[in-house]
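Engineer: Take 1425 as the starting number for the sequence shown in the working numbering and just add one per residue.
Be aware that one or more of the hints could be misleading.
SDA-like, lysine to any residue: derived pairs with alpha carbons at most 20 Å apart [to be verified]:
#1 K1522 - Y1497
#2 K1522 - P1479
#3 K1522 - G1471
#4 K1522 - T1478
#5 K1522 - P1482
#6 K1522 - E1464
#7 K1522 - D1458
#8 K1522 - S1481
#9 K1522 - D1462
#10 K1522 - I1466
#11 K1522 - T1469
#12 K1522 - V1476
If you are wondering where the hints come from, they were derived from the structure by calculation, not from laboratory data.
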Amino acid sequence: MGLLVASPHVTCVPDGLQVSGYAARGAYYSASADLHLDVEVISPTGGLLALVPTPFSPNPIPHRNRRPSNATYAAQIPGGFPAGSRVRVTVHPASLEKCLATASPAS
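Throw the hints in and build the complete structure from the sequences for me.
Structural biologist: Here's what the structure looks like:
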């Protein structure tokens, strides 16, 4: 996909988890805004406990000569999670708006 996501920084806060980090242009990065990140909490047994679609900024990530080209992201995940749970950040190849529109219940 061409978007590289570094290991997230995870902080326990009173009402859940705060997850933040960096994403960078990879060798095959396509300068398209049709990407976002999914921040997921995975149980010790491998089940999905929480999923938060998350934007990164800037999107698309600009190309810069001689300087790193990266973006930042942050997500707040409410809830309590069992010991041994893991946080996973994955690239979702759809715009955040499109993803949220398809996830919303029909009126």
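Engineer: State for each hint whether it applies.
Structural biologist: Checked hints:
Taking the CA atoms of K1522 and Y1497, the gap is near 18 Å; set against the 20 Å cutoff, the hint holds. Between K1522 and P1479, the direct Cα distance comes to roughly 12 Å. Compliance with the 20 Å bound is thereby established for this hinted pair. Restraint check for K1522 and G1471: the C-alpha separation of about 25 Å exceeds 20 Å, so the hint is violated. The suggested pairing of K1522 with T1478 holds, with an alpha-carbon distance near 12 Å, which does not exceed 20 Å.
Between the alpha carbons of K1522 and P1482 the distance comes to roughly 18 Å, so the proposed pair stays at or under 20 Å and holds. For the proposed pair K1522 and E1464, the alpha carbon gap of about 19 Å is at most 20 Å, so the pair holds. For a cut-off of 20 Å, the pair hint linking K1522 to D1458 stands: about 9 Å separates their Cα positions. Between K1522 and S1481, the direct Cα distance comes to roughly 17 Å. Compliance with the 20 Å bound is thereby established for this hinted pair.
Straight-line distance between C-alpha atoms of K1522 and D1462 comes to about 13 Å, which keeps the hinted pair within the 20 Å bound. At roughly 24 Å between alpha-carbon atoms, K1522 and I1466 are farther apart than 20 Å, so this suggested pair is violated. Taking the CA atoms of K1522 and T1469, the gap is near 31 Å; set against the 20 Å cutoff, the hint is violated. With a C-alpha separation of about 14 Å, the suggested pairing of K1522 with V1476 holds against the 20 Å cut-off.
Violated hints, listed in ascending order, are 3, 10 and 11; each of the other numbered hints is respected by the structure.
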